[in-house]
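Asker: Next come the chains, spelled out residue by residue.
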Amino acid sequence: MELTAEKKLWMYKKMYEIRCFELEVDKLFKANMIWGTCHLSVGEEATAVGAIAALEEGDMITSTHRGHGHCIAKGGKLPQMFAELLGKETGYCRGRGGSMHIADIETGNLGANGIVGGGIPIATGAALASKMKKDGKVTLCFFGDGANNQGVFHESLNIASLWKLPVVYVCENNQYGMSVAFKKSTAAENVADRAAAYNMPGEIVDGNDVEAVYFAVKKAVDRARKGEGPTLVEAKTYRWLGHSKSDANLYRTKEEIEEWKKKCPIKRYRAKLIKEGVATEEELDKIEKEVERKIQEAIEYAKNSPEPSVEDIADGVYA
Amino acid sequence: MELTAEKKLWMYKKMYEIRCFELEVDKLFKANMIWGTCHLSVGEEATAVGAIAALEEGDMITSTHRGHGHCIAKGGKLPQMFAELLGKETGYCRGRGGSMHIADIETGNLGANGIVGGGIPIATGAALASKMKKDGKVTLCFFGDGANNQGVFHESLNIASLWKLPVVYVCENNQYGMSVAFKKSTAAENVADRAAAYNMPGEIVDGNDVEAVYFAVKKAVDRARKGEGPTLVEAKTYRWLGHSKSDANLYRTKEEIEEWKKKCPIKRYRAKLIKEGVATEEELDKIEKEVERKIQEAIEYAKNSPEPSVEDIADGVYA
Amino acid sequence: MAEKLYIEALREGLREELLRDEKVFLLGEDIGIYGGAFGVTKGLVQEFGEERIIDTPISEQAITGIAVGAAIAGMRPVVEIMFFDFLTLAMDQLVNQGAKIRYMFGGKAKVPMVVRAPMGCGTGAAAQHSQSFPGIFAHFPGLKVVMPSTPYDVKGLIKAAIRDDNPVLFAEHKLLYRVKGEVPDEEYVLPLGKADIKRKGKDVTIVAGSIMVIRALEAAKELEKEGIDVEVIDPRTLKPLDMKTIIDSVKKTGRVLIVEDDPVSFGWGAEIAAGIVGSEAFDYLDAPVKRLGGLDIPIPYNPNLERHAVPQVEDIVKAVKDLLR
Amino acid sequence: MAEKLYIEALREGLREELLRDEKVFLLGEDIGIYGGAFGVTKGLVQEFGEERIIDTPISEQAITGIAVGAAIAGMRPVVEIMFFDFLTLAMDQLVNQGAKIRYMFGGKAKVPMVVRAPMGCGTGAAAQHSQSFPGIFAHFPGLKVVMPSTPYDVKGLIKAAIRDDNPVLFAEHKLLYRVKGEVPDEEYVLPLGKADIKRKGKDVTIVAGSIMVIRALEAAKELEKEGIDVEVIDPRTLKPLDMKTIIDSVKKTGRVLIVEDDPVSFGWGAEIAAGIVGSEAFDYLDAPVKRLGGLDIPIPYNPNLERHAVPQVEDIVKAVKDLLR
Ligand SMILES: Cc1ncc(C[n+]2csc(CCOP(=O)(O)OP(=O)(O)O)c2C)c(N)n1
Ligand SMILES: Cc1ncc(C[n+]2csc(CCOP(=O)(O)OP(=O)(O)O)c2C)c(N)n1
Ligand SMILES: [Mg+2]
Ligand SMILES: [Mg+2]
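Residue numbers (the working numbering), protein chains in the order written: chain A, 4 to 322; chain B, 4 to 322; chain C, 4 to 328; chain D, 4 to 328.
Hints were generated in silico from the structure; no laboratory data involved. All of these numbers come straight from a predicted model, not from anything done at the bench. Glycine included, every Cβ here is placed at the ideal spot set by N, Cα and C. Watch out, some of these pointers could steer you wrong.
Not the full set, but computed from the structure, chain B residues with beta-carbon under 7 Å of chain A [claimed, not checked]:
(1) 31
(2) 35
(3) 165
(4) 190
(5) 193
Beyond 12 Å from chain A on every Cβ pair, some chain D residues (computed) [unchecked claim]:
(6) 38
(7) 187
(8) 190
(9) 205
(10) 302
Calculated pairs, DSS-like style, for lysine-lysine (alpha carbon to alpha carbon, straight line, at most 27 Å) [claimed, not checked]:
(11) 45(D) x 186(A)
(12) 186(B) x 229(A)
(13) 26(C) x 167(A)
(14) 183(D) x 248(A)
(15) 187(A) x 136(B)
(16) 186(B) x 45(C)
(17) 248(B) x 183(C)
(18) 26(C) x 137(A)
(19) 221(A) x 266(A)
(20) 7(D) x 134(B)
(21) 137(B) x 7(D)
(22) 324(C) x 247(C)
(23) 187(B) x 137(A)
(24) 80(B) x 111(D)
(25) 45(C) x 257(B)
(26) 187(A) x 134(B)
(27) 183(D) x 137(B)
(28) 7(D) x 136(B)
(29) 45(D) x 80(B)
(30) 80(B) x 187(A)
(31) 7(D) x 248(A)
(32) 186(B) x 137(A)
(33) 45(D) x 7(D)
(34) 306(A) x 111(C)
Turn these sequences into a full structure, and let the hints steer you where they fit.
Answerer: See the structure below:
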């Protein structure tokens, strides 16, 4: 299991793309160009990218309310994503879903979810479909530390293990479920410790180390694909910004936030790539510039896209 | 922690009472005198009695669809129980609840439950009330092996542990949830193994050994009462009869049933009491006779009780 | 044509779809060797194997969500929820996920799944095993809701439900399982969204659903003896709801009684009543629209109380007479 | 009297009950230091401590069930469910347990608990955070359902709900939190089950609930300019439902429009419509009963689509004019 330089650079680029995307969303939000709410994943990029890097192209994911990064890493198109956030007809959901419901069935992204834990049985069901169809696909299920206390987490992991489904559960433990600290929400040291209750492997990984995430998830994906059943991977990470649009951060200290910012997954990986000689400063700068350009293009595309028309308001309720 | 002779004889008597009660219910059911459905606990008497023997008088329990034994052990009155099963006005629920909803708030029985797992958060809430009121009470929560895969089991145990609530979870693992064998429903070796996921002690006990159940639960009750939090106790036992009124037993073998009948908790305890010199054959026979007489009296009472009147049909919906 | 029990016709419908399309599979509690709590799936695991007739743990929310996921990924799951009341445990996956996903995703996903569950009182199962609230689900956009009343309908509609590309809630009734009726030998599928006139008549319209269709037809027979000619309409699917057939009937008879099996308060009968009086039928009404349904109480255990909790044949007869007075 | 925001009046009501009765406590997600997703409980944890203002894990079913258990054991819990849509996760404990326990137990237990949740669209939160379906709960026997529309009502009714010995579902509305109104300085409690005539009029009756009361009153102002005198009735509690006040109004005006905030199909407006036409008011009706409500679609994200998904002031104005034509 060696990572090619190409894959490494892809991971760097995707993390940077997510970072830029989220920061632009934040700006657009503050400029009142985005409606509703947004949950940004700044600081958690390595988890999304490392995990999805371990998948094959046809594999599926389910995402969460904090799902932009998952979508991007899975191959989501930036113009359609921005367009969706701006509520445009050209958006992934034709402006009907918004941030919490971006889905891209074509790339295997079965969708973000507004219900905490709501995607867990859905991922499990997708994996059941793969097992029945023998299509060789694996489904990766993202959820947060808060979601690990939803009943459906328990029900789903139990079933996935019983039926040896090709699914990998990736908990992005960013230490908080909205304002409630992990310790106050979860009567276990780690989410991964709960894997034993379902007779499945539980792995803890540094969620800010993209390669570590990749290797942990890759192992789980391989196991799943071989028909050996699910794994629960817990990636420890941290959310830099508020929970959603407004958040006074009363529940945590500035120091804690600063401490975690030092562990920036992108900076860390940049240094590593340079040290390992995978890329030079200049090469990475070039990637970044390219990403920034694409992001701006995508925003332009979204801004110039048409609004959905009210006549079509009921389109898509039924097939 | 020694058991007095009195307590031992009480346990014997209660187990015998439950056995007789259930067998009479079976007869009444077959004679079409009981409406609806009934889940009998023949073979599981030691679990109900041993666990409840570990409680103090004011303590509370929540029970299940298979709850006659719990009610009797908690001090439920046989005439009112039979009357309820016969749908009479003098029944515990004025004929409105039937087998699956017998409750006896006065003795601390917060009720059977028709929803598998439905009583688990209710017990947890009763324990929260005790903690808030500082009334020193402990709540004992019964549920089956099938119920351990309900989401609310997970949610409730997590919370009880976090908040160190005075509650003891007793899983009556009778190997089946209706027709589905434990191995096919639960991706864990034992239910008790799941306690670790909630950072609480998990204990496995022979559910057909009434004293073993007593000691295991007593330890848990003491811990709960001291404010040290909940425990998950799993009592391994077996249901002799069908799941409910009709059951062709297609999902298990006659041999398996016979094997377990050999481990009859009542016969076993009888032999033990005699061997230990706690009582003679004659003394135990006398207890049994007395129980049988009371059961018949209770049935008579129930049969002679009036039906609820249709005019009062809406009584008790709202307080 | 052969006479068959409702439960047999339903099982045949499931079996034919399992044979026709390998994407179809069943999952639920005790539906394998046990054959389901009411025996609907008896024999199917022997024929189709444990891979397609799947016994699940007691985890209503997860199995419903698993059906959602499997459906998005191309399968056609049919979930059995053992009692209708337990649907409350699976509500989120059914109404917030399954029903809304397609629209939320801009019309870019299909969720072809069926959730079957038996509703109704009359078996002494008491308050947590006896409610009938299909109307609740009809309120949530994205779902379809079906409640067949005859062997003929249940077979044709379960096949339609399985072939439909949307999530369908399929409400059976415990007391109907043992009801007999004619079922064609050749294959047929009924449309979702088409009411059925179960009996033609000219004096008064009864709109009844599920078990109440049977009782309404019996009441109609009684009333016939007294010269009252009753038309009985069975909406069959609450969603889509075929108001046209109902409105046409009311325009003809000028009087309507709606009969349902659950508390009348905030039940589906209200939607039908409101639909009638919001339509041109309003001008044809010779009497107030009457609803007959259950009392607003949990279902009691005692058989006599239980009987009084929901409409019986004699209550329907009386209500029709009141309406004609 | 002082002008207060709905959210302030609600918080005051909670606070007064916490002060009055030590059995009262709050539990919910992020209701402590965060003050609740919408800020309703801001400051309460500082005043009453973490023992009485309890932050919970994200476990809606369990916290609702815990409230049921605590209530039976003598406490008076008030649960906050962060969004109304999430009540689907807690349905079993609310409608099968909390609501039915008393009856099932032969009237021998009390379950004094309140479940509060904010409903409604208009904030761009899309389909899983925007539905308003209080009428669904009104169908289940044993529950009470309240949906206050003004600061005055919300304070008086939350106090009544907390003091009631039954489980009460308390439906707030996100867009109402920032609405201002007069609130008396002295203590008061309003009765559950009493509709309120929010505006007297003689030409037409509008029955509106929650946010739609505000819009109906604005529409009434518009219509006044055109000489149309609208009476606006707010049922305030869906259960018990005060049909008398509504019927009396309809008998006076002869025309009625019912306005609700969710898909009109199978909504609570149907019950009101059916109640009217099943009553003596039927004979006083000069026009069909009209319902105005949301489209039968999940709430879309785009603000313009979202706005068109539920009735706005201009839609109400238009509907009233249609009714008078
Ligand atoms: C069932 C449910 N309950 C509550 C919420 C409100 N809510 C949205 S995100 C969130 C916190 C989730 O925490 P976690 O799972 O750790 O994800 P994170 O936000 O930290 O990424 C909450 C409580 C919800 N969306 N769904
Ligand atoms: C939520 C729910 N799902 C399904 C049922 C139907 N049901 C009643 S008892 C039972 C089996 C329960 O198994 P277990 O918890 O092991 O208890 P046991 O019957 O073995 O005592 C089932 C599936 C139910 N009552 N409630
Ligand atoms: Mg988190
Ligand atoms: Mg069992």
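Asker: What are the numbers of the hints the structure violates, in ascending order?
Answerer: 1, 2, 5, 6, 10, 20, 21, 27, 28, 29, 30
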